[in-house]
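Residue numbers (the numbering used here), protein chains in the order written: chain A, 2 to 270; chain B, 2 to 270.
Source of the hints: derived by calculation from the structure; they are not laboratory data. Any given hint could be a false lead.
Treat identical chains as interchangeable: a pair holds within one or across any two.
Derived DSSO-like pairs (lysine-lysine); straight-line CA-CA distance at most 30 Å [as the list claims (entries may be wrong)]:
#  : residue 1 : residue 2
1  : K140      : K80
2  : K140      : K97
3  : K97       : K80
4  : K35       : K186
5  : K140      : K127
6  : K140      : K217
7  : K127      : K97
8  : K217      : K35
9  : K122      : K97
10 : K35       : K45
11 : K186      : K80
12 : K186      : K45
13 : K80       : K127
14 : K186      : K140
15 : K217      : K97
On a predicted model such as this, the values are computed, not experimentally measured, just so you know.
2 protein chains.
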Amino acid sequence: MIINGLPGDSISANDRGLMYGDGVFRTLLIRQGKPLHWLHHYNKLQHDCDAIGIVCPSVQLLTSELGQLAQSQPESVAKIVITRGPASRGYAPAAKPQITRILSASNIPEYPDTYAAQGIKVHICKLRLGHQPRLAGIKHLNRLENVLAAAEWDDHNIAEGIMLDENEHVIEGTRSNLFLVRDGKLYTPDLSRCGVAGLQRDRVIAYARQQRIVCKVTELEMDDLLAADEIFLVNSVIGLWPVRDIHRFSGKHFPVSLQIQDWLNNGSN
Amino acid sequence: MIINGLPGDSISANDRGLMYGDGVFRTLLIRQGKPLHWLHHYNKLQHDCDAIGIVCPSVQLLTSELGQLAQSQPESVAKIVITRGPASRGYAPAAKPQITRILSASNIPEYPDTYAAQGIKVHICKLRLGHQPRLAGIKHLNRLENVLAAAEWDDHNIAEGIMLDENEHVIEGTRSNLFLVRDGKLYTPDLSRCGVAGLQRDRVIAYARQQRIVCKVTELEMDDLLAADEIFLVNSVIGLWPVRDIHRFSGKHFPVSLQIQDWLNNGSN
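Required output: the full structure, derived from the provided sequences and hints.
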């Protein structure tokens, strides 16, 4: 882990990243010592910093630090966190904050090969994403919605959860962006009110343009998912996983049903 | 600062409090070495931990650590942060996370005496709070909305900002709860969709009940504020500040106006 340019594994307990989630992040793959799509990631990092009024560290600085990380862990998942730095109490940002940068690498997760080839089973999350246009699309550190959504299932056969918003529109996976295919066209949710606009979403949209495949950014509902020819999820670590099964309900205990069943079968009225 | 029971000033850079804002906090006054309304604060901390599925440290443990803090800084603002602790990548919480507890003390801010006695000037924030019933009322670490709202003004004559929600309902101050008085009755915003339910809000509601003053938790709009006999804000550090002036607009530069003015006065058409 490289923190503000130095090896380390801890940060100030007064950091606004901790106190308020006042920061942004990116997750990317390092393969053969090379950070994949790094400049594209940097552009998105810079965009997200701008959106919350943080001055993004320079591309030279982050490229150099990411290079050190890549050298020591040439096959890894890199995470870059930028926060508004340590500060005394109070929500108002300082005029010239001392930005914190944290670069860490972890092992590339080993997912079953079937996920990418034969598709995954997904859970439809009960949690509904709230709307906040000022933060929509941004990969910021306020991620309690994702945490609560990801805590909804513990079935290891379920590889991801799909999140809807307060208007029952389909928005994204808990850690991925969603596309559906219908009649040869692509559709992906509009993220102007909530959700995170990941890099691979940009790349799929660019690919569609290049291939002259119609790709619409639009409002999607559960019925659109269920009527799709294909659904797939993307992010920088998993790549693309098709969806083979949408898990909406699984009953295990039926106390009320059995009570009513008993009454229906045996009741005297 | 006391971190997990030991003196310290840093935490693991993998802490979920930093990565996701996955935690809750309380802010309270210590006066003459005594934490004010501590058990009430603890109950709220425990409630908020429950709401996001964190096991709250015991009251014995936190009372003891807060006692140490109070001994070394007998006149201070204490902040208690509880997070889901350090973890590897991924939103889903571990089954048995190692909870992080951070207790810190800072100086009691010195506000002008006029704030409490003669009232303050407030700004009406442009940022609108999003709705998230699962997190509403909870003092959690996802506070980017407060940060962005507090960044909206830099006029030192403005002591607090009032936040409305996406439905244009008045909700709270950036760091305080709001009450209004009309015809001898109290009204305070419903916080079931957004906002933070502070301890002093509970105390005001309890006081009203004791004094047989009608106090309604309800939806409030800007027109209700403007028609109020009195408005006041409360939190555990400021106590209660009446509002004397609602600042909605202050023009300083008028380039378009002056251009049109010039045209109106001197234009040839």
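Each hint, compared with the structure:
1. Taking the shortest alpha-carbon separations for K140 and K80, both the intra-copy value of 12 Å and the inter-copy value of 27 Å come in at or below 30 Å.
2. In this homomeric assembly, K140 and K97 come within 30 Å of each other (Cα to Cα) both inside a single copy, at 22 Å, and across copies, at 27 Å.
3. For a Cα distance limit of 30 Å, the shortest separation of K97 from K80 qualifies both inside one copy, at 25 Å, and across copies, at 24 Å.
4. Taking the shortest Cα distances, K35 and K186 never come within 30 Å of each other, neither inside one copy (33 Å) nor across copies (66 Å).
5. In this assembly of identical chains, K140 and K127 lie within 30 Å of each other by CA distance both inside one copy and across copies; the values are 22 Å within and 22 Å between.
6. Taking the shortest alpha-carbon separations for K140 and K217, only the intra-copy value of 22 Å comes in at or below 30 Å, while the best inter-copy value is 38 Å.
7. In this homomeric assembly, K127 and K97 come within 30 Å of each other (Cα to Cα) only across copies, at 23 Å, whereas the closest approach inside a single copy is 41 Å.
8. Taking the closest pair of Cα atoms, K217 and K35 never come within 30 Å of each other, the shortest separation being 32 Å inside a single copy and 60 Å across copies.
9. Proximity of K122 to K97 under the C-alpha cut-off of 30 Å is restricted to the inter-copy arrangement: shortest distance 26 Å between copies versus 47 Å within a copy.
10. Within a single copy, K35 and K45 get their C-alpha atoms as close as 18 Å, which meets the 30 Å cut-off; across copies the closest is 48 Å, which misses it.
11. Proximity of K186 and K80 under a CA criterion of 30 Å is satisfied in neither setting, with 33 Å inside one chain copy and 53 Å between copies.
12. For the homomeric pair K186 and K45, the shortest alpha-carbon distance inside one copy (26 Å) is at most 30 Å, but the shortest distance between copies (50 Å) is not.
13. In the homo-oligomer, the alpha carbons of K80 and K127 lie at most 30 Å apart inside one protomer (28 Å), although the nearest pairing across protomers, at 33 Å, exceeds that limit.
14. For the identical chains of this complex, K186 and K140 are intra-copy neighbours only, at 27 Å inside a copy versus 44 Å across copies, given an alpha-carbon limit of 30 Å.
15. Taking the shortest alpha-carbon separations for K217 and K97, neither the intra-copy value of 41 Å nor the inter-copy value of 42 Å comes in at or below 30 Å.
Comparing the model with each earlier hint shows violations of hints 4, 8, 11, 15; every other hint is respected.
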